[in-house]
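Chains G and S, in that order, give the protein sequences. Going by my numbering, the letters in the first sequence line up with residues -7 to 312, in that order. Going by my numbering, the letters in the second sequence line up with residues 21 to 329, in that order.
Stretches of chain S that chain G covers, calculated by requiring three or more beta carbons in the stretch to come under 8 Å of a beta carbon on chain G:
no. : segment
1   : 124 to 137
2   : 279 to 286
Cross-link-like lysine-lysine pairs, in silico, DSBU-like; alpha carbons within 30 Å at most:
no. : chain 1 : residue 1 : chain 2 : residue 2
3   : S       : LYS301    : G       : LYS113
4   : S       : LYS310    : G       : LYS113
5   : S       : LYS301    : S       : LYS131
6   : G       : LYS155    : S       : LYS80
Bear in mind the hints are in silico, worked out from the structure with no lab data behind them. Note that the Cβ used here is the ideal one computed from N, Cα and C, for glycine as well.
As a plain string of letters, each chain reads:
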Amino acid sequence: MPPSISLADNPPPAAPRAPDSSATRAPRNPSRQRFTVLPGFGLSLGFTLFYLTLIVLIPLSATFLKTFTMTWDAFWTSVTAPRVVASLQLSFGASLVAAIVNTVFGLVVAWVLVRYRFPGKRLIDALVDLPFALPTAVAGIALTALFAGNGWIGRYLEPLGIKVAFTPLGVVVALTFIGLPFVVRTVQPVLEDVEQELEEAAASLGANRLQTFQRVILPAILPALLTGFALSFARATGEYGSVVFISGNMPMVSEIAPLMIYSKLEQYDYAGATAVAVVMLVISFGLLLLINLLQAWTRRHQSGVRAALAPEAPATGKEF
Amino acid sequence: MAGAVAGRLGGQANAQAHHRFDATGEAPWVRYTLITVAVLFLTLFLFVPLASVFYEALRKGVQTYWEALIEPDALAAIQLTLTVAAIAVPLNVVFGVAAAWAIAKFDFRGKNLLITLIDLPFSVSPVISGLVYVLLFGAQGWLGPWLEAHDIKIMFAVPGIVLATIFVTFPFVARELIPLMQAQGSEEEEAAIVLGASGWQTFRHITLPNIRWGLLYGVILCNARAMGEFGAVSVVSGHIRGLTNTMPLHVEILYNEYNFAAAFAVASLLTLLALVTLGIKTLVEFRARKETEEAAPERPLASLQGQAS
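Work the whole structure out from these sequences, hints included.
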């Protein structure tokens, strides 16, 4: 990739001359597919790479470099310590449960918002994003107050023998709150795009509603559903703010992996903290890769469906 | 007559779709069960927590609420939060616009890799976002000894909080603008350039008006996250009261001191910020939809002209 390398070497200083330089560079660049008269390629890409490197890439690679200063044995010992293993198990286990809960209920919410009309629908549609916008510490103390033994919800659960606050169940509750918008917001637009003609065809061919859902609608929204699940799961694994309040943070029981990193840092065990962080980073980068593949699949799926329907539905014309 | 009918149908697009759907629609009991399940789930996980913040904040009266907000440590926390956001958000806006311009208007190799890298901070735990800066600038970090020798404080000081906040809110504006600018294409900008406008003129008069709603939402979301960030800031701040305490950290301290009314009072300010953010988002989506509808009749013409030339 010759253009980006040369630009990365001289970022913002090239600013004033950027329009000319990009215009003259364009025809010489074989990797560019089309000629464009637009200026600012050098300036914008140069600044993007400069800022990305400074803020994200250098600090993140410092973390990986830090683990190389440890011996493999030291790394392995700190990662396989029982307390660390328990915290990783809790973080990923609770995230999995929360993501499954969100997938089931998120699908129901998305379905209801797309297909039905009922009072308060606009309000619900607007408030689904609340967990994105609400600071996690606020979510944490609000959920703890609700689910504690004397809270609005906790006082009804306690007599039934269900303790939520200060148990692993509380971790699941907090992670469910945090991941709530993901499935709804990934499934909703895809569900809106499902061609009603397909469902009518299924019905006219004798399928009942459940069969139509299983055979026609579910395959169409499955990639989006999985993407939402993966996003919700990935977000939950790293979550800290909302969980620390409700979990009670008991070692081996309700201590999550990010808290493990935090307490190791407070004890100035930088190497130990970094070791746990690297395990989490590797897993979340794997998840990111999976999410990208899923999203590519979603797009292919959607365009495939559109292409198949194109002859009958020319009116959608969003070709360019 | 036909126009009136079309208008009515357009206005009730949903109702009409629903009506047409009845042949393939669900039985009423299924419909009502699903609506009930969805509403109950959201009530339990969204509305009740939201209401409880304001209930707990005002439980001991308006006087206590007000005193919790004007207490010096709370004011210092509010001021620091505003300062951090005032630095972090503009930087990420400049980056977001630059990244979206490069990615949406030009073709280059490695574009998908670049988009993935921009998304990276999303998938990193907030605690790790703080940790990376501790490893870089902390006393035992790579640059720690050098910084100490030159008497520059980054960790457990405001610069560290700003850096951690920038990292956490890094992708928001870019992620909002990239798909928007990709969808809009660059015909209008190219026309402006060909007609003799300079790069900045084109950006100011063509691109900026086109992306203003998406940009506004990106800025407001980035701002909400910057002001509300807890995990990353908690790692780098050192929790020095009145000096390096942001609003979310102040909430934590008050809560851990069992001063619940004050904790929820400060939390209620952050909740209001979140609600305003969602309000602006709804408004932006409404405006964007309206503008698409207004622009829609021109679309077929434009495409016809495109084919003719």
